[in-house]
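A.B. asks: Chains as they are written, first to last, in full-length UniProt numbering: chain R, 1 to 195; chain S, 1 to 411.
In case anyone wonders, no lab produced these hints; they're calculated from the structure.
Virtual Cβ for every residue (Gly too), placed ideally from N, Cα, C.
Please note: incorrect hints may appear among the correct ones.
Computed from the model, here is a short list of chain S residues facing chain R with C-beta under 10 angstroms [as the list claims (entries may be wrong)]:
#1 Trp66
#2 Pro146
#3 Leu153
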Amino acid sequence: MILWATARQLWLLGLIVPAYVLALVILDDRSASLPAVSGGSPATVLSLLVPLLVVLGLLHCLGRGLPDQEHTGVRRTWRYDLALAVAVVAPAVPLGRALAQWLDTPTLAATGRTLLFLCGLMLLVRGLADDRVAGAAPVVWLVLVTLLGYGHAGYPHPWTVVLLPPGDEGAWAVSAAVFAAGLALLPRRGRVRSG
Amino acid sequence: MGFLTSLRVSSVAWVLLPTLVVSWVMTEDRTRFAVEGYGAAAANSALEALFVPAAACAGCAAWEAWRLRRAGIWRLPHGRGRYAVAANALAPVALLGAAGLLTSLASAWVELRAVPDLAGVPMLLTGVLVLVSHSAVGFLLGSLLPGLLSAPLMLLASYLWMGMPATMEPPLRYLNGLPTGSVQVTETFAVGSWAAPGLLALGLVAGTMAAVAPLLRQVAVRVLAAAGCVTAAALGAYAIVADWEYEPRTVPRAFTPVCAGEAPAVCVPPEYRAALPGAREAADEVIPLLAAAGFTVPERIVMQSDRAPLPENSWLFYSDPTLTEGQHRESIAFSPLPWHPPCSFATTTDWDLESTARAWLWLTAGEPETFNRHDEHLRAAEEIRALPVAEQQEWFRSIEEPLTVCRPEVL
């Protein structure tokens with residue numbers, strides 16, 4: 001277990017998680033108009049991008065393993081990886097709600113859902129394709145939703161998931177499903193080592 | 001390694017098609033408000049989609065750098081210099097950037113039927129420099145950042161750097177090379193539009209090259225040299241656009257207008273040739289009424305930049321092919337208003353007086369029913385209209401000074 005924790009560089013997550021909270025507090029409801037195909041999207045809240053910190057950090061940690069040796073090992077380290085992913089992502093949901101209440105910024109309540117979705121997407125792509133593409137997938141998704149995600153009236157399209165209001169139950173369900181599917185593919189570990 | 005082999009094994013092979021598609025769509029979207037047939041507008045629209053190939057180049061360059069690092073290229077004894085090795089790895093990235101920019105230009109050509117004119121060439125060269133700088137920085141950071149993270153982080157950083165400054169305060173919004181608005185048919189790019197981002201991009205490339213310079217043996221020296229290059233370039237670029245306001249600065253465009261009729265001739269830029277019949281017709285109806293109100297009919301009524309001094313014996317008006325008959329009449333009716341350069345930020349001419357003058361001109365041009373000014377201005381204008389013609393003209397001459405002098409705006 002200690003070897004696993006050392007190899008995965010868990011200390012990095014120890015730095016990233018406080019940075020994630022701090023970034024959410026600092027960014028609060030700040031927003032910016034990012035380029036969009038509809039000719040000017042409504043301002044995108046910058047807290048939408050913060051979950052990438054955790055997603056990419058988790059990807060790096062998961063990618064620190066030795067895939068071949070771990071495949072043939074007696075101990076199933078993928079279970080530790082699975083527990084790590086859940087332990088990192090799950091608290092973000094109540095944390096987002098708590099921050100939203102504390103800072104009186106309703107949009108922050110969606111950050112946990114965004115993290116669920118992006119992390120699930122990363123794990124899905126990691127399982128289906130490659131670690132290297134897995135890192136790009138959540139970033140490309142966010143770029144795509146800011147580019148194409150708003151309709152002419154400025155409302156987000158349902159397919160964007162992460163742009164939907166914090167109370168959208170459908171978006172929560174999709175995010176949870178994507179995360180669960182990503183976790184299910186976790187044993188099909190990555191083939192490329194980070195570093 | 002041959003170029004085709006480099007391309008085949010590089011990340012560019014995956015990214016090329018999506019980048020080209022998004023570049024095309026973004027440019028097409030950006031041409032909606034651009035002037036058809038105007039070369040500078042074509043260059044501007046193509047560059048408004050520059051963030052797409054820039055982010056793709058940054059991400060792919062970081063990816064290629066990681067591949068080289070994983071292969072241990074930099075630790076091996078080598079027969080070729082570092083720059084040559086890096087250039088070889090970045091050749092497909094250069095193709096990606098060039099293809100992205102050319103796709104944008106092709107999309108702009110299809111939509112606007114225009115190729116960039118001479119004024120757009122420095123802008124496009126700056127665009128190329130920006131792509132090179134994103135690739136260079138992506139390659140450098142790709143060599144330093146953790147492997148799996150370098151490409152997505154560079155992709156995101158490049159996208160945010162290109163996308164976000166447009167919503168920020170000046171002069172930051174003028175440093176990334178992405179145009180912040182469309183260019184009018186009577187305007188063209190100011191030197192600072194391309195000089196500032198070009199200088200910063202050049203500094204980033206120089207800084208990257210200094211950071212890996214084989215001649216500088218110590219890391220600290222390399223870091224200092226790189227930081228010096230980037231800082232000097234950033235300060236220089238900042239100085240160029242330091243006094244720019246929220247709207248990007250432009251300069252009047254030199255063009256030979258197309259004119260219709262005489263006494264007065266009505267002249268518009270060649271791209272707006274289609275508006276000429278409507279403008280001429282409106283002038284034929286409105287000018288006699290203005291002459292009857294005591295105005296001396298000018299030789300020409302011209303559409304040109306309001307930053308350029310108005311030629312002698314000319315009035316200024318606005319036209320474009322989408323204007324209705326009524327809007328053309330309104331535009332011609334307001335053309336006797338005295339010319340003045342646009343007021344700078346937080347200053348304005350006497351707005352109340354200008355509204356009254358416009359109302360009076362509108363009544364004089366014989367179209368009282370569709371005028372959408374405040375009633376108070378219309379009432380004031382009607383009172384002036386009740387005066388003898390000579391006194392009305394005297395009043396109009398008396399307000400020329402307040403209509404041309406910019407004073408601090410009282411909020």
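A.B. asks: Each of the hints needs a verdict: does it hold here or not?
C.D. replies: Verification of the supplied hints:
A hinted interface residue such as Trp66(S) counts as satisfied when its beta carbon comes closer than 10 angstroms to some beta carbon of chain R; here the least separation is about 8 angstroms, so the hint holds. Taking 10 angstroms as the C-beta contact cut-off toward chain R, the hint placing Pro146(S) at the interface holds, the least distance being around 5 angstroms. The interface hint given for Leu153(S) is met, as the beta carbon of that residue sits about 7 angstroms from the closest beta carbon of chain R, less than 10 angstroms.
In summary, the structure agrees with every hint in the numbered list given earlier.
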